[in-house]
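Participant: Here are the chains, one letter per residue:
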Amino acid sequence: MFLGDPVPSVMGSEDIGRAIRRMAHEIVERNEGADDLILVGIHTRGVPLARRLAQVIGEIEATTVPVGTLDIGLYRDDISQRPTTALAQTRIPVDISGRAVVLVDDVLFTGRTIRAALDALIDMGRPRVVQLAALVDRGHRQLPIRADFVGKNLPTSATERVWVHLTEIDGADGVAIEEGP
Amino acid sequence: MNDFLTVEGLPRAELTSLLDLSDEFVEVLARPIPKVPALRGRTVAMLFFEPSTRTRMSFERAAKALSADTMSFSPGTSSLSKGESLKDTALTIKAMGADALVVRHASTGAPWRIAEWTGLPVLNGGDGAHQHPTQALLDALTIRQHFGNLEGLQVAIVGDIRHSRVARSNIAAFSTLGATVTLVAPKTLLPVDLAGWPVHTAAAIDEVLDSDVIYLLRIQKERGGASVLPSLPEYVSRFGLTWDRFARMSSDSVVMHPGPMNRGVEIAPEVADHPRSLVEPQVANGVAVRMAVLFRLLGGEADDV
Amino acid sequence: MMSEFVLKGGQVVGPGGVADADVHVRDGRIVEIGVGLASDRVIDCNGALVGPGFVDVHVHFREPGQEWKEDIETGSRAAAAGGFTAVVAMANTDPAIDAGHLARYVSERGADVGLVDVMPAGAITLARGGTHLAHLDELWAAGVRLFSDDGDSVHDAGVLRLAMDYLSDLGGIVAQHAEDRTLTLGAHMHEGAVSARLGMRGMPALAEEAIIMRDLALVELTGVRYHVQHVSTAGTVHLVEEAKRRGLPVTAEVTPHHLAFDHREIERMDPAYKMYPPLRTESDVMAVREALGSGVIDVVGTDHAPHAAAEKDVPFDDAPRGVIGLETAAAVVNEMVPLGPVEFFERMSVAGARLLGLDRHGRWLEPGVPANLVVFAPEVSWTPHHFASRSENSPFKGRRMKGRVLATIHDGAVTYEAS
Chain A
0 MFLGDPVPSV MGSEDIGRAI RRMAHEIVER NEGADDLILV GIHTRGVPLA RRLAQVIGEI
60 EATTVPVGTL DIGLYRDDIS QRPTTALAQT RIPVDISGRA VVLVDDVLFT GRTIRAALDA
120 LIDMGRPRVV QLAALVDRGH RQLPIRADFV GKNLPTSATE RVWVHLTEID GADGVAIEEG
180 P
Chain B
0 MNDFLTVEGL PRAELTSLLD LSDEFVEVLA RPIPKVPALR GRTVAMLFFE PSTRTRMSFE
60 RAAKALSADT MSFSPGTSSL SKGESLKDTA LTIKAMGADA LVVRHASTGA PWRIAEWTGL
120 PVLNGGDGAH QHPTQALLDA LTIRQHFGNL EGLQVAIVGD IRHSRVARSN IAAFSTLGAT
180 VTLVAPKTLL PVDLAGWPVH TAAAIDEVLD SDVIYLLRIQ KERGGASVLP SLPEYVSRFG
240 LTWDRFARMS SDSVVMHPGP MNRGVEIAPE VADHPRSLVE PQVANGVAVR MAVLFRLLGG
300 EADDV
Chain C
0 MMSEFVLKGG QVVGPGGVAD ADVHVRDGRI VEIGVGLASD RVIDCNGALV GPGFVDVHVH
60 FREPGQEWKE DIETGSRAAA AGGFTAVVAM ANTDPAIDAG HLARYVSERG ADVGLVDVMP
120 AGAITLARGG THLAHLDELW AAGVRLFSDD GDSVHDAGVL RLAMDYLSDL GGIVAQHAED
180 RTLTLGAHMH EGAVSARLGM RGMPALAEEA IIMRDLALVE LTGVRYHVQH VSTAGTVHLV
240 EEAKRRGLPV TAEVTPHHLA FDHREIERMD PAYKMYPPLR TESDVMAVRE ALGSGVIDVV
300 GTDHAPHAAA EKDVPFDDAP RGVIGLETAA AVVNEMVPLG PVEFFERMSV AGARLLGLDR
360 HGRWLEPGVP ANLVVFAPEV SWTPHHFASR SENSPFKGRR MKGRVLATIH DGAVTYEAS
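Residue numbers (numbering that gives the first Met the number 0), protein chains in the order written: chain A, 0 to 180; chain B, 0 to 304; chain C, 0 to 418.
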């Protein structure tokens, strides 16, 4: 969508690859391995990110890390303002109780999506710990939420838009900022 | 979506999208805490003017699983029996703060009128012999879960089609989704005019034992005080799904029933309890489907219009 | 109170055709028809048709007993607004008009109001119960000429035969609301493709036709004058046609709504379209239109049936049957049936007056004739939003219509003028 557009590119394909590798190592280090780990990607682009992270962690630790998908559509705090889009699948393949759950999303912004995701997780079980991995942290938190693992810190103004594109969904990798209206 | 009154005329894509959404609620209902906060703070009122415990309970369960509050109205002990008009009853319930209404009424079109009068989202829980759209959704979902797809399936609907809103809704939904529907009933229980209906007909259940799905309707000997059948044993002899007939069905086929069942009449007891009877999944799917519709009606665009 | 005026610049309709002429009315009669007539008061007709005031053989004025729906005064206003100068008010009031004093009440009240001649119909059976004959002699003496249990059929052949024998002596008309209740029990619309889709119990055409078939055999036996009310099916048209061919003393009426709508209107389940007989199939509608055109159906009878808004504002199954029709009748007939001006007035006025033996209505215009007239503009379009009738249960409300009553004159007085 933005390829070829004159929108400043903040991260290219290689930058994203490097960030993911680093985050994967940080996750393993923080959790002292990957034994009770599960990565849960938040729809839409958190899902391929979670799968990529799981792939790398799997290589580091020579194991298979389970990946779940989560649509927070049933937990939004703004349902009456936004039209309901089609719900994507929420599928957590293992019991999360007692596990370390790493929520994965592409952009951390106000924190409301993560709040909704935490509500969903808590309805599904009792994790030992919940951590958050975000490819981009663009600031402007409206809730006391912070990421444990960040690909890139990207200070932005509130009116700017941050684009994250991933090959699995958009055909190419990249992160860009666009001026607001 | 402003109301959910009928499946007739609903395009295939929209039906499919509702079934897909229902799948997500099947997942929610399978969780340790089968509840989501999506409709927190909303109130769903059940207006059941016809006695029905099962359907009402299913709708209440669905509303509560979405964290909505519920109010329930049924006549008899109510002001309606004091001569209050249906319109006034509906407006009163709206004034009490209902955000959506689930309506079941013996009169054709009552949910449509209530939607006009109140301007609230209305979900048709069954009107006269006309439509019962959530039943069609849950039946379609159940078939889809079992077979993967309704396209090309042979579905036989057996029983009192003429007076059945379940049949009318199912005929619309199943045929839209690509199934071939055959109606099996004595002439007195078939609609008076089938011209243009997307159905075949058969005169006896023996003719449809090769179906993928046999869908049985509850049979009553009397309806509105008039006898519609010579006798129940006569009905069973031509239309009842006996154990013997069931044994002649394909081992991949299934049997369905909207409930409540007349064991020994339209369905033999052993058939009702057989693993290939999908009656229990139907009931479970009913809650998921009703959650999906309530979510569509109330979860979003509520401030518009 | 008599007045004098000239209806100027209209087209006067007579049995021979139409002629541009003015009509001078004074002291309740037509005094002159010609060109260039003058008077202190002039009503411009602007080329509209001027003809005998319409006569409706079938209305419900609901008085005595149900005045919240309509009464003789509001009904008369509605009739005048529709171009009518005489109407027959059905007997299914509360109490039913089954005795002389009740019939006199209605006609005298109508005369007091003074807008339209209100002729009461008399019930055939006591309290319209279908078992015992009403006080037929008393009713006849009170001026009743048309007898009907309308709202219901007289089911019992024995009772009906008795009534027919009795009335054939007097020369009265037996008008039958043909409905076999054993075939219409619990039904709210026509039995056919639409009722099958909606899951509604329907009334087969047979429920109307079977009664008429039997009745015609009784007519042959008794020789009574027989009038078929609200013809709605092709089958009924056929029966009427055949009976006339055999020389039986049979007449028939059709309502405007049966000329305009078929059962597909009921897909919306709107009680505004619920009446008896129900709206039928497209081919039934074509058959009745053709029959009115050819004269097999003699007259238009509106079956004006007022119901209060709250009564109709319910689900279809629960709503009472009936729609109003006086104020829109002429427009509907004008639009739905290709009739020349002479035939139009025949169906709307002359034939009805002849049927009822009214010598002051339905007369072709000539000097000396009582001034019961209507000025009707077939080309003028209008939209009915409000009604003179107390009730507004009209399926034509808010619909654009073609053909407007500009003025109605009753006994030489202007009872209605379009604004």
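The hints are simulated quantities; they were obtained by calculation from the structure and are not laboratory data. Note that the structure is predicted; figures quoted are calculated from it, not measured. Heads up, the beta-carbon is just placed ideally off N, CA and C, and yes, glycines get one too. A few of these clues could be false.
[What the hints assert, rightly or not] Quick look at which bits of chain A chain B covers, simulated, 3 or more residues with Cβ under 8 Å:
no., region
1, 14-27
2, 122-130
3, 157-169
[Claimed, not checked] Keeping only pairs whose Cα atoms sit at most 30 Å apart, straight-line, the calculated DSSO-like set for lysine-lysine is:
no., chain 1, residue 1, chain 2, residue 2
4, C, Lys396, C, Lys311
5, B, Lys86, C, Lys311
6, B, Lys34, B, Lys86
7, B, Lys34, B, Lys63
8, B, Lys86, C, Lys396
9, B, Lys63, B, Lys86
10, C, Lys311, C, Lys7
11, C, Lys7, B, Lys93
12, B, Lys63, B, Lys93
13, B, Lys93, C, Lys401
14, C, Lys243, C, Lys311
Participant: Give a verdict on every hint.
Facilitator: Each hint tested on the structure:
no.	hint	in the structure
1	14-27	violated (count 0)
2	122-130	holds (count 3)
3	157-169	violated (count 0)
4	Lys396/C - Lys311/C	14 Å, holds
5	Lys86/B - Lys311/C	11 Å, holds
6	Lys34/B - Lys86/B	33 Å, violated
7	Lys34/B - Lys63/B	8 Å, holds
8	Lys86/B - Lys396/C	21 Å, holds
9	Lys63/B - Lys86/B	26 Å, holds
10	Lys311/C - Lys7/C	42 Å, violated
11	Lys7/C - Lys93/B	58 Å, violated
12	Lys63/B - Lys93/B	19 Å, holds
13	Lys93/B - Lys401/C	41 Å, violated
14	Lys243/C - Lys311/C	38 Å, violated
The structure does not agree with the numbered hints 1, 3, 6, 10, 11, 13, 14 stated previously, though it agrees with the rest.
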